[in-house]
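Colleague: Here's the letter readout for the chains.
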Amino acid sequence: MTVTTVAEATAVPDANEVAAGAPSRFSPSRLFSDYGGLIGIAVLAVVLLVWAPSSLSTFRLGNLGKYCTWAIAGVGIGLAWGRGGMLVMGQGVFFGLGSYAMAMHLKLESAGAGNVPDFMVLYGDGTMPRWWEPFRSGPFTLFAIVALPAVVSFLLGYAILKRRVKGAYFAILTQALTVAFATLLIATIKQTGGFNGLNTFSTFFGQNLYDPDVKKDLYLITAGLLILFLVVVWQLYRSRYGELLVATRDAEERIRFLGYDPANIKLVAFVVAAVMASVGGAMFAPIAGIISPSNVDATASIMLVAGVALGGRASLLGPALGAIAVGFGQSSLSEQFPTQWTYFQGALFIVVVLLLPGGITSLSSRLKAVLPRRKVAV
Amino acid sequence: MTLSFVGEDYLEVRDLAVDFDGFKAISEVNVTFLQGRLHFLIGPNGAGKTTLVDALTGLVRGTGEAMFRQHDLLQMKSHEIVRLGVGRTFQTATVFEQLSVLQNLDIAAGLHRSAGRLLLARRRVPESVQQALETIGLTALAHRPAGILAHGQKQWLEVGMLLVQDAKVMFLDETVAGMSAQEREETGELLRRIVGDRTIVVIEHDMEFMRTYADYVTVMHGGRMLAEGTVAEIQADPQVQSVYLGTVTEVALDG
Ligand SMILES: Nc1ncnc2c1ncn2[C@@H]1O[C@H](COP(=O)(O)OP(=O)(O)OP(=O)(O)O)[C@@H](O)[C@H]1O
Ligand SMILES: [Mg+2]
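Chains as they are written, first to last, in my numbering: chain A, 1142 to 1519; chain B, 145 to 399.
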């Protein structure tokens, strides 16, 4: 008797399964779940790009734009943490690289050609560090917003992941980096504006930042980028790389014996997540009108992760929706309870991670799993 | 030893030793795994069989030399060894339970794929995956999650994953342990079918299975090589007999 016959005998007939020899394609249900994600993104696109601009005031639209910048960073965290198993607690660093790069350009744009930013006159001797100079150029700034986090995260990720640092150690290490980053910013008031950060920008690539239409455009760019990045991770998740990343998360050692170096697989996700955080940060500066160490420090990094945890780190839309929800909660609650909000946010992170690891988006499938069982019990 | 088995792709292990913080798990291991045969590696619990495979696949550090295709495996990382064509399974099945049988095979087949193609979704089942599915007899279960497979089927899936990796040397660590008599027979036939020009090293405790399918046998005991030869030769070996009867182990070691 051959192996084949036994396997066939134990097989459960299933309409979705291909028969041996038939053209081998993936089952319709799988295809649907693939494109189901795209439908979800489309719905979100309509809400963010059509409904919101026509219904919300400029002020509220600006707030939503700010949440969208966090959501962009959140999409990257979903990739690195949800799918890659790397609890990135230091995304503030990359958010900061992008936002400071953009803010430097806006500062120089406001100062005008040949002039130095106002705070350098105020706190320093009125001379500008040479590494500021290239940021006068818009194209260079845009390039730096992508290249800077890519290079930094590649070097950091290479050093950390090749040494097989993972789990809590990885989280602590990345958190320490963001603490160091914020500390460095505060200590360099003459170069980076220190504790106050960079603020009072008047124009954005030549457009008047006080003009409501320009504000709306800023929002639309941000929401558009969010949708774009969601499509990017949608493709990543359905690709072979996405499967490999999840397999690496679940059984890193096993992956080695399939001929892959898990460090390389995780490195890709880490770098992509860093670039996304940076792009989010770059849009944050002009929308919020300020970037300071408190927007990129450990607390800010935890807020990003908390939103992703709340929404569902491994799901497609969860990280973005969670980040927007936490942003909304911060704006509305922090006005009434400014100090308590931070504690609430920390508690939220812990509760979600402990009690609902799949986040809000996993609630429906969880309920589905529980409900029929109840019926049986009755 | 039968000369007809000599091939070009062989794995030659010289003076291999593995030291766990002073405890010599294996030492002075000299063995050549030749192409085209089912080479059984037997020995009592703790003999060092798994440790030998661990050392040859980069999981633990060993000293000595293990040459395959002009590369010393002992100097290489696990994933490089796999890419060179040396694969293994583990004592406990380690398939990706949430992924389908097909996805498991497809992931294993991926090491020959370019980085760019990794970013695309799978459109059709690759030829090698389809073939492997048929060889291991899991075609009908291709879209089922690997987690629902029976124990034996998981082990076959692991063998299938080695097939799509195109492993020229396969180390199978107690693949038939826990299988029914029927499944063992099927596994034995499967191995005979796929061996071709490969080198298949089977770690096994079941003597009946070994007698039926082994082309060549190496016996380990206490971290050392005790004997090697055909089934008939090692069965006639008094040292091997004493080890397996559980008596005079000291004498066996000294010999
Ligand atoms: N990581 C380790 N650290 C310390 N000692 C180890 C380690 N791995 C194995 N050993 C020891 O090395 C010896 C050989 O173990 P190994 O697992 O290779 O035996 P085996 O022949 O595969 O046995 P079994 O048939 O039970 O699987 C045993 O004494 C074991 O306790
Ligand atoms: Mg063993």
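Don't take every hint at face value.
No farther apart than 20 Å at their CA atoms in a straight line, the calculated lysine to aspartate or glutamate pairs in the DMTMM-like style are these [as the list claims (entries may be wrong)]:
#1 B:K221 / B:E156
#2 B:K221 / B:D163
#3 A:K1331 / A:D1259
#4 A:K1303 / B:E209
#5 A:K1307 / A:E1250
#6 B:K221 / A:E1394
#7 B:K221 / A:D1402
#8 A:K1307 / A:E1393
#9 A:K1303 / A:D1391
#10 A:K1331 / A:E1394
#11 B:K221 / A:E1393
#12 B:K221 / B:E209
Restraint-style ranges between C-beta atoms, simulated for each label pair [what the hints assert, rightly or not]:
#13 B:R261 / A:R1304: 23 to 31 Å
#14 A:L1495 / B:D165: 45 to 53 Å
#15 A:V1320 / B:E278: 53 to 61 Å
#16 A:T1324 / B:F164: 15 to 23 Å
#17 B:E241 / A:L1179: 24 to 32 Å
#18 B:E278 / A:L1179: 50 to 58 Å
#19 A:L1496 / B:F164: 34 to 42 Å
#20 B:T238 / A:R1305: 36 to 44 Å
Simulated from the structure, these hints should not be mistaken for lab results.
Every value quoted in this text rests on a predicted model; they were computed, and no experiment measured them.
Yeah, the Cβ is synthetic: ideal placement off N, Cα and C, and Gly gets one too.
Colleague: Now tell me if each hint is right for this structure.
Modeller: Hints versus structure:
| no. | hint | verdict |
| --- | --- | --- |
| 1 | B:K221 / B:E156 | 18 Å, holds |
| 2 | B:K221 / B:D163 | 18 Å, holds |
| 3 | A:K1331 / A:D1259 | 11 Å, holds |
| 4 | A:K1303 / B:E209 | 25 Å, violated |
| 5 | A:K1307 / A:E1250 | 42 Å, violated |
| 6 | B:K221 / A:E1394 | 12 Å, holds |
| 7 | B:K221 / A:D1402 | 9 Å, holds |
| 8 | A:K1307 / A:E1393 | 10 Å, holds |
| 9 | A:K1303 / A:D1391 | 18 Å, holds |
| 10 | A:K1331 / A:E1394 | 48 Å, violated |
| 11 | B:K221 / A:E1393 | 14 Å, holds |
| 12 | B:K221 / B:E209 | 14 Å, holds |
| 13 | B:R261 / A:R1304: 23 to 31 Å | 29 Å, holds |
| 14 | A:L1495 / B:D165: 45 to 53 Å | 37 Å, violated |
| 15 | A:V1320 / B:E278: 53 to 61 Å | 56 Å, holds |
| 16 | A:T1324 / B:F164: 15 to 23 Å | 43 Å, violated |
| 17 | B:E241 / A:L1179: 24 to 32 Å | 27 Å, holds |
| 18 | B:E278 / A:L1179: 50 to 58 Å | 34 Å, violated |
| 19 | A:L1496 / B:F164: 34 to 42 Å | 41 Å, holds |
| 20 | B:T238 / A:R1305: 36 to 44 Å | 18 Å, violated |
Hint compliance for this structure: hints 4, 5, 10, 14, 16, 18 and 20 are broken, all remaining hints hold.
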